[in-house]
Amino acid sequence: MTETILSLEGVTKRYSGQAAVSGFDLAVNRGQITGFLGPNGAGKTTSLRIALGIIKPDDGKVRLFGQYPKAAILQRVGFLPEERGIYKKMKAEDVIIFFGRMKGMTMTAARKAARDGLERFGLGGEARKKIKEMSKGMAQKVQIIATLAHDPEFIILDEPFSGLDPVNQKMLEEMIRDEAKRGKTILFSTHVMEHAERLCDQIVLISKGRKVFDGGLPQALSQVPRRVVIETASDHDLRQVLGALGAVEAQTAPEGLKGWTIELAAGSDAQDVLKACVEGGVRLARFEPMRAHLHDAFVELVETSNREAV
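Counted the way our numbering counts, the sequence shown spans residues 521 to 830.
Among the clues, some could well be false.
[Claimed, not checked] Dumping the calculated SDA-like pairs for lysine to any residue here, alpha-carbon to alpha-carbon at most 25 Å:
#1 K650 x R697
#2 K609 x L684
#3 K652 x D685
#4 K650 x R635
#5 K778 x G800
To be clear, the hints were calculated from the coordinates, so they are not data collected in a lab. Please read these numbers as outputs of a predicted model, since none were measured by experiment.
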């Protein structure tokens, strides 16, 4: 039976009468990588703070490892907040040791975790450097190491890729995969879809404080209309050639060609479009079924939610 590590049920939080989160449900299961997605200001950080007991909801129920999030339960969690905050006058190794000790580690264990973590992230030679002497990206890696130092069961990362260059973003993705392989449960928020698309077992999308999607990546991508891009070397009007197979829009194309984008109708597929073009005598220079990406699903779901809210 699947174990739910974090459960939010009907959670609402208001500020000055305005709902930051409204009737929000979330279930994070053991061993999953869950991507918590949404535009800036959608309610992601508020939801995570409620999950950790940092702020109390006005309505709804929160359960972390089956209990209300109290101090003893939070020892099993590693949390990287969106607002990065570590002591700038402290040395990198000392920062990690400090946070490890706060989580109940012995000095010996905390020091070993600090040194191992710094080596893992390519900062072995920076252990005695003060945070204020480091770049923003280096300081952020120190805070990530501190988040993981006590080997938490449940890792919560709020916008963890923010401020990292592409090389370090890749390193963080590898770290998340490694932790998942070790059986850890991971929840991270982001508004950059590429990371979630590469990493996640579960996708949860929030917009204007309300959940608009919760499911796997294939289910999310199925929300995107299927499209085909065509460039032709003939004067045919594809609107007439394709009929009811899809909605056809003219697009820019290289000189001497005509460009089209076809949004496939329900029950139609790319092969039907190709067959109609061949039978209609259309000279094709390009025929490309477009692969859906999570970014496309994100835009589609948020725009649909916004229209329904009007």
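How the hints compare with the structure:
1. K650 x R697: violated (29 Å)
2. K609 x L684: holds (22 Å)
3. K652 x D685: holds (19 Å)
4. K650 x R635: holds (15 Å)
5. K778 x G800: holds (16 Å)
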